[in-house]
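Engineer: Knowing the structure of chain A, use the given hints to seat chain B on it.
Number of protein chains: 2
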Amino acid sequence: MRLERIFHSIPAWMNPDGPESGIVISSRARLARNVSGFPYAHLAGDDKLREIVDTVLDTANGAGFDRSGFFRNEDLDDAGKAIFVERHLIGYPNAASAHAGSPDPSLAGRNFPRGVLVMEGEYASILINEEDHLRIQSLCSGFDPMKAWEEVDSIDDRLSQSIQFSFSRKYGYLTACPTNIGTGLRISILVHLPALVLTNDAQRMIRSAGQIGLVVRGYFGEGSDVVGNIFQISNHVSLGKPERDIVEELIRAATTIIDYEKRAADTLMKDAKNQVEDKIFRSAGILKSARVLSTSEFMNLGSAVRLGLYLNVLSRPDLRSLNELLVITQPGHLQALQGRAADSMDRDVKRADLVRERFIDVRL
Amino acid sequence: MRLERIFHSIPAWMNPDGPESGIVISSRARLARNVSGFPYAHLAGDDKLREIVDTVLDTANGAGFDRSGFFRNEDLDDAGKAIFVERHLIGYPNAASAHAGSPDPSLAGRNFPRGVLVMEGEYASILINEEDHLRIQSLCSGFDPMKAWEEVDSIDDRLSQSIQFSFSRKYGYLTACPTNIGTGLRISILVHLPALVLTNDAQRMIRSAGQIGLVVRGYFGEGSDVVGNIFQISNHVSLGKPERDIVEELIRAATTIIDYEKRAADTLMKDAKNQVEDKIFRSAGILKSARVLSTSEFMNLGSAVRLGLYLNVLSRPDLRSLNELLVITQPGHLQALQGRAADSMDRDVKRADLVRERFIDVRL
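If you're matching them up, the sequences are chains A and B in order. Positions in the first sequence are counted from 1; adding 2 to them yields the working numbering. Positions in the second sequence are counted from 1; adding 2 to them yields the working numbering.
Chain A extracted, bound-state conformation (with noise of 0.2 Å):
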């Protein structure tokens, strides 16, 4: 019932009322923490995992944090773990970045005591003994990376009032991998570049990306793939700098980024105004039509569809509706959404069914 609660929330992010929302679907910052006085999370036996979560929702509770938003790993089913994965509550499975020879750290792997604390609006979460002891992550509307910081910093202040963090004076705050070493802040944006992909300008975009310091991964971070043009770009270095100018330095370079996407963007109305409004109109053709659809392909048709609404090609569906679609069609919701085992037919046959209901004022 309580998983029903989330899965029927709308995330305050998929509302596009944050800076630059027809480029940039969320801003997230992520602080890496550990428990002082406990080994980390994939040292630690149960008892202390268990020991880990019970002061973590204690404090948070005492922080005003309602620890009735908290879902314990073992009592959420493979299709239970995919929502939060596909909310981005939680990391993708196999994320590139697990620690060797450690238990899977996403929570959407094997169980041990672990959960993850939703805030209400989903606006920030806190997830326990996944990587780290504690991930604090708030995620917000377009291009924010400034207020989705703010937020964990006073997440972080609140909590350390009570629960003392692993912290060295050489080197900050002390994490499970060392990539995450220093702040422990992981700041990043989910941007949607299908001009870029179009003048085929995305290969050189992530290459400059990474000489200035920043990851470009796929949809769900890292591990996943890049699907509906739509990228993940983050800070690569946590280390040696105040967690501010990290946040101003993405800021910066995540600017140009999102410059090089609009004048892309002008170019391609410019020199290929008839093959973009086919492309858009036909997109949404499809999804407003289609009977049987898979993610790819939504995703794919939906990067049209969201690029003929930023450039005033369409003027429905609106934002909202397709960052919603965005979640709601992944396979997990789906399950959620049909109670029960649904076998791919069935499940590409609903996605097409939400699909067309979101888009059924689209004029062609």
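Honestly, the hints are just simulated from the structure, not real lab data. Computed from a prediction, not measured in an experiment: that's the story for all the values here. Please note: incorrect hints may appear among the correct ones.
All copies of an identical chain are treated as equivalent in the list; a pair is satisfied when it fits inside any one copy or across any two copies.
The calculated DSBU-like cross-link candidates involving lysine-lysine, where the alpha carbons are at most 35 Å apart (straight line), are [said to hold, decoys possible]:
| # | residue 1 | residue 2 |
| --- | --- | --- |
| 1 | Lys272 | Lys172 |
| 2 | Lys149 | Lys264 |
| 3 | Lys264 | Lys243 |
| 4 | Lys352 | Lys272 |
| 5 | Lys172 | Lys243 |
| 6 | Lys275 | Lys243 |
Structural biologist: Okay, now just chain B, sitting in the frame of chain A:
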């Protein structure tokens, strides 16, 4: 101006009021005749050819066929000739049957004295100095070869009162190409067989048809490709049998093929309903939304829509609009509509516009 009259009229065969018009687009009969005492067209000089044109036109006019419906080959530019080909009023250029060593027998080829007399509503036409001196043809809606044959037979009778046709007691009517000798009758239907194509049974059908003396060809007959799953099926032999027997044999064989198509369509809807409906609706969705559309893409998507109408999966557009689009989306018609030398992109844009107009009330 006269070309415009043809251009804007709706040929009678487009009305889906003939038998089986959900599957059979049109039925055609054609008689090959030569005027006694004149060399065959490919052996005759311009003076003789001109004489034949005048003789036939005078006779036809006297028999009640208004000579103002005559279009001289030399008065038509390439786009004008294409319009007649696209309306199935004259043969496809470079037809495989071209008599060895003769000029292109199609009116769409090189200029010499020849032309086509078109009857009101395009229900019938007389080609003068194509491969034979006369090709009397009639085209009617749906599966009605007997009606088409009776029409050409009646025209033949009326012309025979004033013109003596080359005839041998032994062989029957004499023709420029021996395959037409005897009755000079070619009877054919344009039939839409998407289900046989989808179930991979079309090739087998074509082989079987060959074994019982039928010829299966593409959309524009001899020398043309199969596009949009539309096949031309005709008799192979015109010698040694009364006309009515030839027509009845074609009707019998075609009835079997139509029956196979119906059974294949039933099987598809039973075994793969989701996929078939998906294909139909997507095709309608793309035609309702595309801004750039090639001829072959229109033919293929239009085939799925035609199947959708047959299966009652779609109720719009009406079959007549679909028949009309088959003709007016062809390059010659588009060129004439645009009234200037249009490039390929211009035509693809105009084609998409025309199709969207006809799909405006299609519900997806």
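Engineer: All the hints need checking, so say for each whether the structure fits it.
Structural biologist: We went through each hint and held it up to the structure:
no.: 1; hint: Lys272 <-> Lys172; verdict: neither (54 Å within a copy, 71 Å between copies)
no.: 2; hint: Lys149 <-> Lys264; verdict: within (23 Å within a copy, 63 Å between copies)
no.: 3; hint: Lys264 <-> Lys243; verdict: within (30 Å within a copy, 73 Å between copies)
no.: 4; hint: Lys352 <-> Lys272; verdict: between (38 Å within a copy, 20 Å between copies)
no.: 5; hint: Lys172 <-> Lys243; verdict: within (13 Å within a copy, 104 Å between copies)
no.: 6; hint: Lys275 <-> Lys243; verdict: neither (45 Å within a copy, 60 Å between copies)
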